[in-house]
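K.L.:
Next come the chains, spelled out residue by residue.
Number of protein chains: 2
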Amino acid sequence: MYIQVKNVNFTEELKIMLNKNRIPQYKKLYQILRKHVDEGIYRQGDLLPSENELCQLYGMTRPTVRQALSALANEGYIRKHQGKGSIVTNMPRDIGILSVSGTTSAVGDRNLRTKIIVKPVLIPWPQEFMFPLSDIERESGCIYMERLRLLDDEPIFYDISYIANINLPRITARKFENRSLFKILRDHYQVEIKGGEQRIKAIPASAKISRYLKLKRGSPVLHLERKMETNVNGLYLYSSIYCNTHKYSIFGRF
Amino acid sequence: MYIQVKNVNFTEELKIMLNKNRIPQYKKLYQILRKHVDEGIYRQGDLLPSENELCQLYGMTRPTVRQALSALANEGYIRKHQGKGSIVTNMPRDIGILSVSGTTSAVGDRNLRTKIIVKPVLIPWPQEFMFPLSDIERESGCIYMERLRLLDDEPIFYDISYIANINLPRITARKFENRSLFKILRDHYQVEIKGGEQRIKAIPASAKISRYLKLKRGSPVLHLERKMETNVNGLYLYSSIYCNTHKYSIFGRF
DNA sequence: TAAATTAACTTGTATATACAAGTAAAAAAT
DNA sequence: ATTTTTTACTTGTATATACAAGTTAATTTA
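First to last, the protein sequences are chains A and B. When the count follows this note's numbering, it moves up by one through the first sequence with no breaks and lands on 270 for the last residue. When the count follows this note's numbering, it moves up by one through the second sequence with no breaks and lands on 270 for the last residue.
No wet-lab data here; the hints were simulated from the structure. Please note that a few of the clues may not be correct.
Since copy identity is lost for identical chains, a pair holds within one copy or between any two.
[To be verified] Straight-line Cα separation of at most 30 angstroms, DSS-like style, residue types lysine-lysine; simulated pairs:
1) K243 x K100
2) K44 x K135
3) K43 x K96
4) K243 x K217
5) K230 x K199
6) K44 x K191
7) K263 x K135
8) K51 x K224
9) K96 x K44
10) K232 x K51
11) K131 x K44
12) K232 x K44
Work out the full structure, taking the sequences as your base and the hints as a guide.
P.N.:
Here's what the structure looks like:
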C-alpha cells in the first residue's frame, strides 16, 4: 500500500502557503487606523490624515487608501466630509451590541467586569435551538458558556454563548474573565466577525434571569438572540443576551 | 435703492444648476438594483448579473459597478462571493427597524396597515427632547405625528415622529396612510437617510401605550429612540417607537 | 475695512488597466 | 468510469490618472 501524492509544483505550493495568510494592503491600513482609534491615538472629532498623506505615509495609491477608509466609515469609526476630511466619530466603540463588536466593547471597557457563571464546556447542541443549524455544526458539538457582565458592579448583561467546535483547539481551557470573547477569537484563532442577524424582544424576567440581573420577577428585560457570521467558512457564533435596561439603554449606530 | 447682483458667469451658474441634482452613475445603478430587489425582480438566492455584464449593460467601468455593488452589500441587499458572484440576501427588507429603512419596510409591506393617530402638525419642539437639538432645529419648529402600525390587524408599533421643519414644503398636507415616511421624503424631497443612532430599552407599558398596543399595563414593551441623519445638512429625523414584541421579534442584520 | 476672488487644500466620481484568487464546468488523462 | 487537469468564468486587490466639487484661508479688490 502506498499513498498517492498529487502531482504538484512544490515551489508553487510554498508560494501559495506563504501568501495564504497575506493581508491585503488596504486591510492592513484599516487595521492600523482602527487600532489607533481604539487606543485613543485619534480621538472623537479628530481629523485623520488626509488621503494623500496616508498614501505617502503607507506607500499606497489613493484608491487603496480610500478602500481602507470606506471600511472604517461603513463600520462607523469615521465619517467622511467632502472638502474637509475624515473625522473620527464620537463613539465608535459603542456600536457594540447592535453591530459587529462584542458586548465588552459595547460599553467602552471601562467599568465592565465579567463573571463566568458556566465555564466553557463542550456539549451537544440543544434540541430546539434558536437558529437552524447545519449538519457540520450539529456533528461537531457546541462550546457553551454563560457569563454575567457587570457595569459599575451592577449586573447588566447575562450572556449565553454557543460556538460550533470547529477548528478552535484548547478554547475551553482559556480564561474569559474580563476579556472579550471576540478579541480572543480574533487574536488566537484569526476568527473575525463579518456580520450577522439578531432578533430583539422585550420579555418579562424569568426566575433565573431576575436572580442574576437583580430584578423583580416579571419586570421588562431586553432579550437578544444573535447569529454572527465569521470569515471561517461554516463557523457561526450564537448568543442569547438578557439585558437590564432600567438604568442603561442599549446604544447603537447604523 | 437697488439690488446689487453678484458678478457671476451665468452660463457657469446654469451648468452648476443643472448638474446640481445630477446623480452619480454608481448611485443610479445602486438605485436600479435596489429597486429590482425590492420589487422581487431578483429574489433571495438569485445571482445578480456579473460585474462585467453590468458594465456592458449600463455602460460603466468595473470600479464604478463595484462601487454600486459594495453599497448594496454594505446595506445587506446582496452578499458577494469571490469566484461565484453577487447573491441576493434572504431578507433585505427586514433590516428595517435596526438599520436605514423605515418600519414599513421592516416587515415587508405585506400585511402592514398604518393608522394615523395624530396628523402631521407643526409644533414647537418639546422642552425636554430625547436628543440634543441645534439652534436651527429649535427655531424652525417641529413636524409632529403619531402613527399606529398594525400587522395582520394587530397593533405592533406605536410611532412618534419628529422632523425639523427645514425645506419640507407642504409636508403636513401629505397623506401618510400605508406609506413609508421615508419613501415620501425620498421621492418628494430627495431626502435620503444616511445613518443614525438609537437607544433601545425594555420598559413596562404605560397607560397610553398599553391602550394603543392592546397590552396589559406594565407588560414589557420595546422602546426605541432614534435619531436619523440625512443627506440634507442639518436635517435629522427623530422617532420614538414602542413595539409589542409578544408575537413578533424585531429582526435585524448587521 | 469689508466684500469678493483666488488658491490650496480636502474628498467624490470615473476611466483604463493588470493580475491574483476562488469557483465550477468542460476537457483530458488515467 | 473516475480522477485529474485545464479552461473560462467569477470577484478581489492594486496602480495610475484625471477632473469635479466642497471647504477653508489667504489674497486681492472695491
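K.L.:
Measure nothing new, just compare the shortest in-copy and cross-copy C-alpha distances for K131 and K44 to 30 angstroms and report within, between, both or neither.
P.N.:
neither (33 angstroms within a copy, 51 angstroms between copies)
K.L.:
Check K243 against K100 for me: Cα-Cα at most 30 angstroms, and say if that holds within a copy, between copies, both or neither.
P.N.:
Answer is between: at 24 angstroms across copies they meet the 30 angstroms cutoff, but 38 angstroms inside does not.
K.L.:
When no copy is specified for K263 and K135, does a C-alpha distance of 30 angstroms or less occur within a copy, between copies, both, or neither?
P.N.:
within (28 angstroms within a copy, 33 angstroms between copies)
K.L.:
30 angstroms Cα cut-off: does K43 pair with K96 within a copy, between copies, both or neither?
P.N.:
Both. Shortest intra-copy (18 angstroms) and inter-copy (17 angstroms) distances satisfy the 30 angstroms Cα cut-off.
K.L.:
Within, between, both or neither: how does the pair K230, K199 come out at a Cα-Cα threshold of 30 angstroms?
P.N.:
within (28 angstroms within a copy, 43 angstroms between copies)
K.L.:
Tell me, please, which holds for K96 and K44 at an alpha-carbon limit of 30 angstroms: within, between, both or neither?
P.N.:
Classified as both: same-chain Cα gap 20 angstroms, cross-chain 21 angstroms, threshold 30 angstroms.
K.L.:
Pop the pair K232 and K44 into one bin, within, between, both or neither, using alpha-carbon distances up to 30 angstroms.
P.N.:
Neither way: K232 and K44 sit 48 angstroms apart in one copy and 53 angstroms across, limit 30 angstroms.
K.L.:
I want to check one pair: K51 and K224. Are their C-alpha atoms no more than 30 angstroms apart within a copy, between two copies, both, or neither?
P.N.:
Classified as neither: same-chain Cα gap 38 angstroms, cross-chain 46 angstroms, threshold 30 angstroms.
K.L.:
With identical chains treated as interchangeable, where does the CA-CA distance between K243 and K217 reach 30 angstroms or less: within a copy, between copies, both, or neither?
P.N.:
Close inside one copy (15 angstroms) and across copies (21 angstroms); limit 30 angstroms.
K.L.:
What label fits K232 with K51 when the C-alpha limit is 30 angstroms: within, between, both, or neither?
P.N.:
Neither way: K232 and K51 sit 40 angstroms apart in one copy and 48 angstroms across, limit 30 angstroms.
K.L.:
Given identical chains, is K44 near K191, meaning Cα to Cα at most 30 angstroms, within a copy, between copies, both, or neither?
P.N.:
within (28 angstroms within a copy, 50 angstroms between copies)
K.L.:
Go through the copies and call it for K44 and K135: within, between, both or neither, with a Cα cutoff of 30 angstroms.
P.N.:
For K44 and K135, neither the intra-copy (34 angstroms) nor the inter-copy (52 angstroms) Cα distance is at most 30 angstroms.
Of the numbered hints given earlier, the model fails hints 2, 8, 10, 11 and 12; all others are met.
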